[in-house]
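Using the sequences and the accompanying hints, generate a full structural model.
2 protein chains.
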Amino acid sequence: MNNHVMPAAERKVRVDLGDRSYDILIGPGLIAAAGNEIASRLKGRKVAVITDENVGPRYLEPLMASLKQRDIEAVSLVLPAGEKTKSFEHLIPACEAILGARIERNDAVIALGGGVIGDLTGFAAGIVRRGSRFIQIPTSLLAQVDSSVGGKTGINSPHGKNLIGVFHQPDLVLADTDVLDTLSEREFRAGYAEVAKYGLIDKPDFFAWLEKNWQAVFSGGAARIEAIAVSCQAKADVVAADERENGLRALLNLGHTFGHALEAATEYDSARLVHGEGVAIGMVLAHQFSTRMNLASADDATRVEAHLRAVGLPTRMDEIPGSLPPAEKLMDAIAQDKKVKGGKLTFILTRGIGQSFVADDVPASEVLNFLREKHPQ
Amino acid sequence: MNNHVMPAAERKVRVDLGDRSYDILIGPGLIAAAGNEIASRLKGRKVAVITDENVGPRYLEPLMASLKQRDIEAVSLVLPAGEKTKSFEHLIPACEAILGARIERNDAVIALGGGVIGDLTGFAAGIVRRGSRFIQIPTSLLAQVDSSVGGKTGINSPHGKNLIGVFHQPDLVLADTDVLDTLSEREFRAGYAEVAKYGLIDKPDFFAWLEKNWQAVFSGGAARIEAIAVSCQAKADVVAADERENGLRALLNLGHTFGHALEAATEYDSARLVHGEGVAIGMVLAHQFSTRMNLASADDATRVEAHLRAVGLPTRMDEIPGSLPPAEKLMDAIAQDKKVKGGKLTFILTRGIGQSFVADDVPASEVLNFLREKHPQ
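Protein chains in written order, with numbering that gives the first Met the number 0: chain A, 0 to 376; chain B, 0 to 376.
When chains are identical, the list treats them as one kind, so a pair holds in a single copy or across two.
Here are the simulated SDA-like pairs of lysine to any residue, each with C-alpha atoms no more than 20 Å apart in a straight line:
| hint | residue 1 | residue 2 |
| --- | --- | --- |
| 1 | K83 | G159 |
| 2 | K160 | G130 |
| 3 | K340 | R104 |
| 4 | K343 | E365 |
| 5 | K340 | A100 |
Keep in mind the hints are simulated off the structure, nothing from the lab.
Put into structure tokens, the structure is as follows:
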């Protein structure tokens, strides 16, 4: 018996990938409704749930209860929280737990957590029996609008982040917006940087809407659901057009080249800088650099900075606590990330708000001069 | 400068998989010609070669020399030989070696070895940077006609063989037929079981040709190349029709259900039974069982047994050294492998030589009775 009443506010985004298409449901109460949503879609009757020590104590019990109500047999594995979990050390027990639960073709693996749990669990699901069904229940704003959509999974290597993994699309994403109420302000803001990013890539109206409605988005309710749905749809559109990142998908990296360099410069110390904060500063820098290259107006860069500052995100390198390495070192990190060919870099630049594009001939020397200016020693 | 002269006997099989299509080259001297073949196909200029302690001492040096001649930068990793290498323990250093060599999008990972090295290396190539280019240089007959074609990669888990892996097609397969001269007679015969299998699946003329020409195939030269090329083409056709094993590809398991049960019953002890020997006995059993089910004539089963015995392969369970567990235990292993639904099993049966088919309603009780008859206690 399906006794799930669709809440008025619930939204559905379809990710269109042929026989790998799937739904993202966005709304309140979706963890409690997970049993119904999964039972109506899954042929099998078994799942393995992987979560972490932060999320598990709060949401594992209601999820397991919801699954049990619909007679879905579930086992769970609780891993340590944090980026270090994205490693072979934790991938191995994740795979063995899935196999131990005898998850087969019609059963599923569930990731309950933020980006780390989603990436690791998706990778495990992607390699057990050469690909098992996979359900994402993202519990951070960042995971709901970014990492849970698009099928990129993986772990880190001593050689760098996300270097080992597979493309493995989920079969269903349940974005329960209630869980966002328990995020810290800082964590919510960091996720918000990616929401704003979708406006800056190619949705100027959405960016303008965010400028007016960001407080409502932060408070929860319909505006928050709307912002998440627009973000998921934006990412879904890009992923549908370029599943394996051969071209267009690179636009999703707006702000990320500078952002990654800053994350590396702060040694991924979340006390100093989290991913979304690096992206916020990076997006402002990308707009300022585009202005410097005479591509975009200075007003647009100012507007981007003003909005991100209004929501409480950092927008300048000197807002990062502690000292940063000199511009030359930041440039090295960018060159490692991006690969310089004949002194030229590929970069996401913009002609204005909502007019981002992939530039593959950006002179490395110009980027270095710009960084020296923004970050004088 | 491309100074590779195509030997008269060299054969090429194309595996048709859309944008994942690739060539299998079959012939003498292909390790020495690897540099030319790879240079003419690869945009990049770097490779990581993974091999094992049996194959490395013999073929790594000529391969590296051939690569160097064409200015392809190569690093190598030598892993222990044997089935135990198909584990996370060895996958991790394989991935790190590939990353350490800075193999990027246009570069490639090379597997130089038998099925174990091919499966492990293909898996590593499949997950480094979410999929790197991959070249197979199979050095056993089994690997040349079976495991190097089709894109199945993976490692073993304590829960079972090949349970963790990905589908990752190679970009090129170089089957150097000279290397087969150094295989032991027993190893060559074991690979030959899979060659005969392609005849038994759906190529009765090929099986008849093998009955006449098997001695020439064992001696080397044109007949051997022909047999390998026909086998690769046969597998390529099945894989092209069913890349991810949703149906037809199951035919490749002819003889494997009984074979796997016997491998498990002998605890994968290669002194008692190697995979190809299990498949040989399994194919004879599959034909005899098909006769018992009134599907095929007894003459066909007799003909299959006679040919495999002629080449020196075991064809009966009582030829396996040491004692086997009772029929009931063998049946348990089959049921674990195949999953019984309502007392019925999926099995590859046959209506005669070259007329195999997937039967999904074989009564488990009939299989058990048959095993009791063939293996009385």
